[in-house]
Structure formats: structure tokens, C-alpha cells
Amino acid sequence: MSFNIHWVLHKIALTIRSFASNQWSQFYKRINSQDKVIFIDFNPLFIYD
2 MSFNIHWVLH KIALTIRSFA SNQWSQFYKR INSQDKVIFI DFNPLFIYD
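Oh and the sequence shown: position 16 is 17 in our numbering, straight run, nothing missing.
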């Protein structure tokens, strides 16, 4: 089985991005739960498919 470094890096990037997105979502929900109106458009990691 050949080792494809690009595929591995891609999977790592997706994992990091999904983790960061989940962390940001929890942070955003916590802010909203405090009844503060804050509009934030933020991409934690600029990694695209």
C-alpha cells in the first residue's frame, strides 16, 4: 500500500477544521446563551477542500 502524504495531510486538515468549527460553535452558543446579540462571521482555520 503506497503512502500518500497529500491524502494524509488532507484528512488531518479536515479533522482540525471540523474540531475548530465545533469549538467555535460551542463558544458561539455560550455567548448567545448569555442573551448578548453578537454577530460574528469567523472562519477558525482557512483550510479548504
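What the hints contain is simulated information worked out from the structure, not anything from laboratory work. Positions of the beta carbon are idealized from the N, C-alpha and C atoms, including for glycine. Check the hints yourself; a few may be wrong.
[Claimed, not checked] Restraint-style ranges between C-beta atoms, simulated for each label pair:
no., residue 1, residue 2, range
1, Trp25, Asn5, 25 to 31 Å
2, Ser26, Ile6, 26 to 32 Å
3, Phe4, Lys30, 36 to 42 Å
4, Gln24, Phe4, 37 to 43 Å
5, Val9, Tyr29, 29 to 35 Å
6, Lys30, Leu10, 35 to 41 Å
Results of checking the hints against the structure:
Remark: the range hint 25 to 31 Å for Trp25 to Asn5 is upheld by a beta-carbon distance near 29 Å. Between Ser26 and Ile6, the C-beta spacing of about 30 Å keeps the proposed range 26 to 32 Å intact. Here the CB-CB span from Phe4 to Lys30 is close to 39 Å, well matched to the stated 36 to 42 Å. About 30 Å separates the C-beta atoms of Gln24 and Phe4, a value inconsistent with the hinted range of 37 to 43 Å.
Separated by about 30 Å at the C-beta atoms, Val9 and Tyr29 satisfy the suggested range of 29 to 35 Å. Checked against the given bound of 35 to 41 Å, the beta carbons of Lys30 and Leu10, roughly 30 Å apart, lie outside it.
Taken one by one, the earlier hints fail for this structure at numbers 4 and 6, listed in ascending order.
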